[in-house]
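Please work from the sequences and hints to get the whole structure.
Residue numbers (the numbering used here), protein chains in the order written: chain A, 8 to 305; chain B, 8 to 305; chain C, 8 to 305; chain D, 8 to 305.
One or more of the hints may lead you astray.
Claimed, not checked - The calculated label-pair distances, taken between Cβ atoms and stated as ranges, are:
1. D:K195 with B:L221: 22 to 32 Å
2. C:G117 with D:V139: 53 to 63 Å
3. B:G290 with A:G133: 54 to 64 Å
4. B:K195 with D:P69: 12 to 22 Å
5. B:Y218 with C:S178: 47 to 57 Å
6. B:P122 with D:D68: 36 to 46 Å
7. A:Y218 with B:N143: 54 to 64 Å
8. D:K195 with B:P243: 51 to 61 Å
9. D:T136 with C:H299: 36 to 46 Å
10. D:V236 with C:D116: 32 to 42 Å
Claimed, not checked - Lysine-lysine pairs mimicking DSS-like chemistry, simulated, CA-CA at most 30 Å apart:
11. A:K93 with B:K89
12. D:K93 with C:K217
13. B:K213 with A:K93
14. C:K213 with D:K125
15. C:K188 with B:K263
16. B:K138 with A:K238
17. A:K89 with B:K89
In short, the hints are calculated from the structure, not lab data.
Just so it is clear, CB atoms sit at the ideal spot from N, CA and C, and this is done for glycine as well.
The primary structure of each chain is shown beneath.
There are 4 protein chains.
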Amino acid sequence: MIINGVEIDDTFAEAFPMKATRVIITAQTAQWAYNSAKSMTGFATSVIGCGCEADIERVLDPSETPDGRPGVSAMLFTMGGKGLRKQLEIRAGQSVLTSPTSALFSGIDGGKTIPLGKNLRYFGDGFQTSKVINDNRYWRIPVMDGEFLVEENTSMVDAIGGGNLLILAESEVEALEACEKAVESMRKIPNVILPFPGGVVRSGSKVGSKYPSLSASTNNAFCPTLKGVTKTELSPEIESVMEIVVDGLTEDDIKKAMREGMKTFCSIGAYNGIKRISAGNYGGKLGPFHFHLQEIMQ
Amino acid sequence: MIINGVEIDDTFAEAFPMKATRVIITAQTAQWAYNSAKSMTGFATSVIGCGCEADIERVLDPSETPDGRPGVSAMLFTMGGKGLRKQLEIRAGQSVLTSPTSALFSGIDGGKTIPLGKNLRYFGDGFQTSKVINDNRYWRIPVMDGEFLVEENTSMVDAIGGGNLLILAESEVEALEACEKAVESMRKIPNVILPFPGGVVRSGSKVGSKYPSLSASTNNAFCPTLKGVTKTELSPEIESVMEIVVDGLTEDDIKKAMREGMKTFCSIGAYNGIKRISAGNYGGKLGPFHFHLQEIMQ
Amino acid sequence: MIINGVEIDDTFAEAFPMKATRVIITAQTAQWAYNSAKSMTGFATSVIGCGCEADIERVLDPSETPDGRPGVSAMLFTMGGKGLRKQLEIRAGQSVLTSPTSALFSGIDGGKTIPLGKNLRYFGDGFQTSKVINDNRYWRIPVMDGEFLVEENTSMVDAIGGGNLLILAESEVEALEACEKAVESMRKIPNVILPFPGGVVRSGSKVGSKYPSLSASTNNAFCPTLKGVTKTELSPEIESVMEIVVDGLTEDDIKKAMREGMKTFCSIGAYNGIKRISAGNYGGKLGPFHFHLQEIMQ
Amino acid sequence: MIINGVEIDDTFAEAFPMKATRVIITAQTAQWAYNSAKSMTGFATSVIGCGCEADIERVLDPSETPDGRPGVSAMLFTMGGKGLRKQLEIRAGQSVLTSPTSALFSGIDGGKTIPLGKNLRYFGDGFQTSKVINDNRYWRIPVMDGEFLVEENTSMVDAIGGGNLLILAESEVEALEACEKAVESMRKIPNVILPFPGGVVRSGSKVGSKYPSLSASTNNAFCPTLKGVTKTELSPEIESVMEIVVDGLTEDDIKKAMREGMKTFCSIGAYNGIKRISAGNYGGKLGPFHFHLQEIMQ
Numbered sequence: 008m009i010i011n012g013v014e015i016d017d018t019f020a021e022a023f024p025m026k027a028t029r030v031i032i033t034a035q036t037a038q039w040a041y042n043s044a045k046s047m048t049g050f051a052t053s054v055i056g057c058g059c060e061a062d063i064e065r066v067l068d069p070s071e072t073p074d075g076r077p078g079v080s081a082m083l084f085t086m087g088g089k090g091l092r093k094q095l096e097i098r099a100g101q102s103v104l105t106s107p108t109s110a111l112f113s114g115i116d117g118g119k120t121i122p123l124g125k126n127l128r129y130f131g132d133g134f135q136t137s138k139v140i141n142d143n144r145y146w147r148i149p150v151m152d153g154e155f156l157v158e159e160n161t162s163m164v165d166a167i168g169g170g171n172l173l174i175l176a177e178s179e180v181e182a183l184e185a186c187e188k189a190v191e192s193m194r195k196i197p198n199v200i201l202p203f204p205g206g207v208v209r210s211g212s213k214v215g216s217k218y219p220s221l222s223a224s225t226n227n228a229f230c231p232t233l234k235g236v237t238k239t240e241l242s243p244e245i246e247s248v249m250e251i252v253v254d255g256l257t258e259d260d261i262k263k264a265m266r267e268g269m270k271t272f273c274s275i276g277a278y279n280g281i282k283r284i285s286a287g288n289y290g291g292k293l294g295p296f297h298f299h300l301q302e303i304m305q
Numbered sequence: 008m009i010i011n012g013v014e015i016d017d018t019f020a021e022a023f024p025m026k027a028t029r030v031i032i033t034a035q036t037a038q039w040a041y042n043s044a045k046s047m048t049g050f051a052t053s054v055i056g057c058g059c060e061a062d063i064e065r066v067l068d069p070s071e072t073p074d075g076r077p078g079v080s081a082m083l084f085t086m087g088g089k090g091l092r093k094q095l096e097i098r099a100g101q102s103v104l105t106s107p108t109s110a111l112f113s114g115i116d117g118g119k120t121i122p123l124g125k126n127l128r129y130f131g132d133g134f135q136t137s138k139v140i141n142d143n144r145y146w147r148i149p150v151m152d153g154e155f156l157v158e159e160n161t162s163m164v165d166a167i168g169g170g171n172l173l174i175l176a177e178s179e180v181e182a183l184e185a186c187e188k189a190v191e192s193m194r195k196i197p198n199v200i201l202p203f204p205g206g207v208v209r210s211g212s213k214v215g216s217k218y219p220s221l222s223a224s225t226n227n228a229f230c231p232t233l234k235g236v237t238k239t240e241l242s243p244e245i246e247s248v249m250e251i252v253v254d255g256l257t258e259d260d261i262k263k264a265m266r267e268g269m270k271t272f273c274s275i276g277a278y279n280g281i282k283r284i285s286a287g288n289y290g291g292k293l294g295p296f297h298f299h300l301q302e303i304m305q
Numbered sequence: 008m009i010i011n012g013v014e015i016d017d018t019f020a021e022a023f024p025m026k027a028t029r030v031i032i033t034a035q036t037a038q039w040a041y042n043s044a045k046s047m048t049g050f051a052t053s054v055i056g057c058g059c060e061a062d063i064e065r066v067l068d069p070s071e072t073p074d075g076r077p078g079v080s081a082m083l084f085t086m087g088g089k090g091l092r093k094q095l096e097i098r099a100g101q102s103v104l105t106s107p108t109s110a111l112f113s114g115i116d117g118g119k120t121i122p123l124g125k126n127l128r129y130f131g132d133g134f135q136t137s138k139v140i141n142d143n144r145y146w147r148i149p150v151m152d153g154e155f156l157v158e159e160n161t162s163m164v165d166a167i168g169g170g171n172l173l174i175l176a177e178s179e180v181e182a183l184e185a186c187e188k189a190v191e192s193m194r195k196i197p198n199v200i201l202p203f204p205g206g207v208v209r210s211g212s213k214v215g216s217k218y219p220s221l222s223a224s225t226n227n228a229f230c231p232t233l234k235g236v237t238k239t240e241l242s243p244e245i246e247s248v249m250e251i252v253v254d255g256l257t258e259d260d261i262k263k264a265m266r267e268g269m270k271t272f273c274s275i276g277a278y279n280g281i282k283r284i285s286a287g288n289y290g291g292k293l294g295p296f297h298f299h300l301q302e303i304m305q
Numbered sequence: 008m009i010i011n012g013v014e015i016d017d018t019f020a021e022a023f024p025m026k027a028t029r030v031i032i033t034a035q036t037a038q039w040a041y042n043s044a045k046s047m048t049g050f051a052t053s054v055i056g057c058g059c060e061a062d063i064e065r066v067l068d069p070s071e072t073p074d075g076r077p078g079v080s081a082m083l084f085t086m087g088g089k090g091l092r093k094q095l096e097i098r099a100g101q102s103v104l105t106s107p108t109s110a111l112f113s114g115i116d117g118g119k120t121i122p123l124g125k126n127l128r129y130f131g132d133g134f135q136t137s138k139v140i141n142d143n144r145y146w147r148i149p150v151m152d153g154e155f156l157v158e159e160n161t162s163m164v165d166a167i168g169g170g171n172l173l174i175l176a177e178s179e180v181e182a183l184e185a186c187e188k189a190v191e192s193m194r195k196i197p198n199v200i201l202p203f204p205g206g207v208v209r210s211g212s213k214v215g216s217k218y219p220s221l222s223a224s225t226n227n228a229f230c231p232t233l234k235g236v237t238k239t240e241l242s243p244e245i246e247s248v249m250e251i252v253v254d255g256l257t258e259d260d261i262k263k264a265m266r267e268g269m270k271t272f273c274s275i276g277a278y279n280g281i282k283r284i285s286a287g288n289y290g291g292k293l294g295p296f297h298f299h300l301q302e303i304m305q
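Written out as structure tokens, the structure reads:
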């Protein structure tokens with residue numbers, strides 16, 4: 008399939024089941040809600056190294072938040088429920104409880120109930136109080152700037168991690184600028200996050216390594232500087248490859264985000280150095296979710 | 008001591024020895040260097056919960072970076088050398104190696120040599136190469152967007168954590184706006200970071216809790232909503248207290264930052280609701296570094 | 008009267024009757040509406056040199072504009088009705104008719120009807136069409152990007168020009184930064200404009216000159232560099248004086264804006280170099296509107 | 008000629024001799040230099056209606072200005088020398104002399120000497136002083152904020168007005184976004200200005216009108232809404248046409264700017280709705296400068 012000169016490979020992104028939750032952080036100003044959420048979702052590019060994959064999902068208008076203040080929604084993804092509980096609690100405690108004027112709410116229904124402020128409340132040293140509104144319990148924890156308001160619980164739902172797009176370009180500059188635009192458009196889709204810095208990852212890996220202790224290593228077949236040295240997947244004009252990884256709540260959410268990304272890359276076009284779109288998979292045997300690029304673009 | 012109506016307490020901030028390092032992250036654009044550094048230093052507000060305290064120190068002009076590209080300097084602080092090695096390696100691997108167009112350099116001399124790219128290089132699966140320039144070894148690791156250039160080692164130095172200012176204000180709004188300005192001025196001082204979200208923390212704690220399993224809990228004597236309920240350190244007009252925590256390389260660095268912060272608060276003045284500046288300590292018995300507020304302002 | 012150390016003179020700003028109108032410029036994006044309005048209200052600092060005094064009044068939300076698009080409101084002030092008609096027509100023709108995707112509407116009721124698109128429509132060369140909605144006629148003029156929609160008429164109302172504040176400071180830097188903040192707060196008041204660049208003027212003038220052909224010249228009594236050379240109104244510590252001129256629809260509008268400005272200057276305070284607030288007048292014999300500073304601040 | 012699907016007409020832009028000057032405005036901050044320059048070059052889209060065509064040329068680094076402060080360069084174009092002298096003097100007097108902390112310098116050599124501060128100096132009422140540095144005289148005029156420093160003279164040079172590009176697109180949105188990008192790239196070329204709001208004009212005109220008193224009227228052959236009503240130059244898929252007008256010091260300057268604009272339009276491409284690039288001319292009989300689109304792109 009070729010759109011505006013861009014070849015879209017007949018392949019698929021292979022993705023995996025994850026657990027996810029969404030929280031809403033509000034504050035006196037949008038900037039302070041953002042500060043808190045950015046800290047809470049920092050250092051969270053991959054579950055293996057960071058314990059979770061997390062990012063700000065989007066900025067919320069005061070009309071969209073439980074307390075009518077500016078806010079942001081943030082999502083966390085892990086491989087299992089135990090990890091999610093642990094990451095949510097420690098990150099909320101370190102980056103939201105601490106952050107001036109912040110409040111913290113559940114941002115998702117359905118699924119399984121997990122603690123949000125349930126354990127954080129003990130920081131109040133017995134001075135904390137609670138109130139039930141519409142069947143949800145909220146805790147008011149006295150802190151130096153006033154009170155930290157936090158909902159007792161949130162929900163954990165089934166989710167999917169590892170949707171991805173590989174973009175093959177004639178130069179690093181063209182790849183980078185195209186990815187900036189694609190990330191901007193993909194982040195407008197609800198229910199997804201792009202967990203890597205700026206939404207893009209350039210260190211694609213293969214399973215295994217010549218060093219026995221390492222389980223993964225650079226994906227040499229996609230490294231442009233190794234074209235003469237190793238078996239390559241890259242044609243001669245490709246000088247840079249970047250990847251966008253997408254975690255989302257449902258298959259449909261990830262499809263929408265991947266479609267937005269591909270549309271952006273195609274709109275930029277081969278004339279501007281974007282030659283080919285591919286995706287990463289493991290032959291389809293490991294992950295149960297297969298996102299076929301050409302199907303998504305039909 | 009009273010300046011522009013603001014009372015400065017005759018007290019001191021009590022601080023502790025830490026270990027620290029500084030790295031320089033560069034990229035094709037300032038935004039991408041920032042993306043990578045923000046991820047690497049995210050979720051790093053306190054050593055206990057996050058493994059380290061970290062933040063972007065400042066944005067660097069291309070003329071200040073080893074490779075002449077836009078960059079940022081980031082600093083990490085831990086309680087000991089083992090933790091610093093571990094945090095540096097995992098955070099560099101997850102947030103810099105992965106980040107498009109990034110390169111990673113040591114940003115500090117002296118002290119003890121610790122690995123920067125030394126172990127990350129194995130990601131190259133044998134395709135990595137190295138070069139020694141001016142006695143420093145650099146690794147070139149093939150990645151999908153081209154190469155990840157990383158210096159083999161950086162340095163770990165003695166440092167100080169826990170410098171702090173408490174600001175007591177007539178309202179939360181006034182405290183927050185004053186802190187924004189103080190943080191902006193304090194972040195211009197080199198060799199220091201303010202590890203909390205936006206540089207400010209509002210959940211000051213005391214040692215101990217009524218719950219035996221918790222070692223710390225809300226500092227009720229400084230909670231304005233508890234004035235009628237508990238023994239308070241707050242006079243009637245104080246409705247909000249916020250804290251700025253400072254980690255720095257030397258006593259002098261922390262003093263300079265605290266002085267900038269206090270100058271900013273005094274310039275805002277009692278007329279605008281900033282009534283008093285204090286500091287947190289444990290009676291002087293735990294931490295060897297004592298930063299006396301009134302001395303710093305002389 | 009002294010507030011936060013700032014002396015407010017027992018004097019008044021002397022202002023004059025003017026004619027004014029308001030128009031609403033909309034476009035596909037807020038930026039393009041702003042581009043058009045900024046051009047239309049450019050080079051309009053004083054009626055004598057520029058033909059009118061004009062500025063953007065404020066940015067409008069799509070929900071506030073006649074066609075539901077992003078927009079800005081702009082106001083023009085002149086000494087008389089003839090000048091206003093002329094300036095409105097030529098400026099709308101040069102800066103709004105020409106500007107991509109723009110539409111132009113009346114932004115004021117009452118007063119006297121004056122042409123807005125009434126004559127501009129002939130640019131359509133007979134291809135223009137019109138429609139009456141709610142008793143107002145609108146013209147659709149074919150242009151290259153589609154159509155220029157313009158309301159036939161707007162209104163001209165009585166207004167007031169020459170409200171002003173003089174700010175006396177210890178340094179140019181402190182005066183400038185204080186004026187930036189005051190302008191920001193004054194521009195939030197509806198029905199007023201601050202016609203000078205950035206809202207501030209530093210070339211205050213007196214009537215008359217040693218050169219017979221000039222009717223006005225520098226107000227030497229307020230020039231800090233002339234303190235030793237001429238009779239001065241400045242005490243020794245004053246090193247810089249700036250002025251904010253306000254045109255508004257009613258006395259009350261101008262009072263509100265002057266009050267906001269004075270509140271901002273007082274909040275900055277004498278500690279930050281803002282020593283005194285005064286106002287310009289001609290002894291009260293020329294302009295019928297007298298805005299007494301101390302009354303406004305009561 | 009077709010590039011990335013965009014048809015470039017075999018035609019030319021017809022341009023005219025003008026007179027031009029360049030000045031440099033500096034101030035304490037880049038924003039205040041910009042405020043002054045934006046006022047000075049406001050309402051200056053066409054010589055006929057506004058007396059001159061003017062715009063900010065570019066923002067200057069402190070290292071590029073005569074007094075080492077932040078600055079901007081601005082250019083004014085008129086049909087003849089008398090108009091240029093008049094416009095320069097009145098605009099400098101109203102928008103730069105008045106603007107806090109500003110200074111004003113010549114930004115061009117060669118050509119004919121014309122007054123810059125030579126007459127403005129009389130505002131100083133005899134208190135002005137002068138100094139000659141490197142054969143240039145500078146005036147120091149006492150004003151309320153300190154001093155207005157202004158160079159006595161600047162230069163007037165031969166220049167060219169009316170270079171232009173017509174962009175034909177499938178929709179108004181696509182035309183507008185493409186023009187934003189083209190304007191951004193064209194404004195990086197030195198020695199040119201794009202005098203219309205945001206750099207774009209949509210009210211292209213033809214000579215003459217059905218109304219005898221009007222010498223120009225809408226260019227109906229390029230109006231998409233008139234395709235069925237009048238003889239058209241537009242093919243069925245064209246729904247919006249916009250124009251970028253370029254004034255420059257030399258033919259080469261205008262060629263470079265037109266080339267940058269065309270490159271940007273072609274890079275966006277037919278896939279994104281940019282179908283055709285043309286240019287406005289009067290059959291080549293009126294203006295001596297002919298800018299052939301296809302030649303420029305070779």
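Outcome of the hint check:
1. D:K195 with B:L221: 22 to 32 Å: Hint violated: Cβ distance 60 Å, outside 22 to 32 Å.
2. C:G117 with D:V139: 53 to 63 Å: holds (58 Å)
3. B:G290 with A:G133: 54 to 64 Å: Roughly 24 Å apart at Cβ, these two residues miss the hinted range, so it is violated.
4. B:K195 with D:P69: 12 to 22 Å: holds (19 Å)
5. B:Y218 with C:S178: 47 to 57 Å: holds (55 Å)
6. B:P122 with D:D68: 36 to 46 Å: At roughly 40 Å between Cβ atoms, D:D68 and B:P122 fall inside 36 to 46 Å, so the hint holds.
7. A:Y218 with B:N143: 54 to 64 Å: violated (24 Å)
8. D:K195 with B:P243: 51 to 61 Å: Given range 51 to 61 Å: holds, Cβ gap about 60 Å.
9. D:T136 with C:H299: 36 to 46 Å: holds (38 Å)
10. D:V236 with C:D116: 32 to 42 Å: holds (35 Å)
11. A:K93 with B:K89: OK: A:K93 and B:K89 at ~24 Å, within 30 Å.
12. D:K93 with C:K217: holds (23 Å)
13. B:K213 with A:K93: holds (24 Å)
14. C:K213 with D:K125: Holds, because 21 Å separates the two Cα atoms, which is no more than 30 Å.
15. C:K188 with B:K263: holds (28 Å)
16. B:K138 with A:K238: Cα-Cα ~25 Å, so holds.
17. A:K89 with B:K89: Since the Cα atoms of A:K89 and B:K89 sit roughly 27 Å apart, the hinted pair holds (cutoff 30 Å).
The structure does not agree with the numbered hints 1, 3 and 7 stated previously, though it agrees with the rest.
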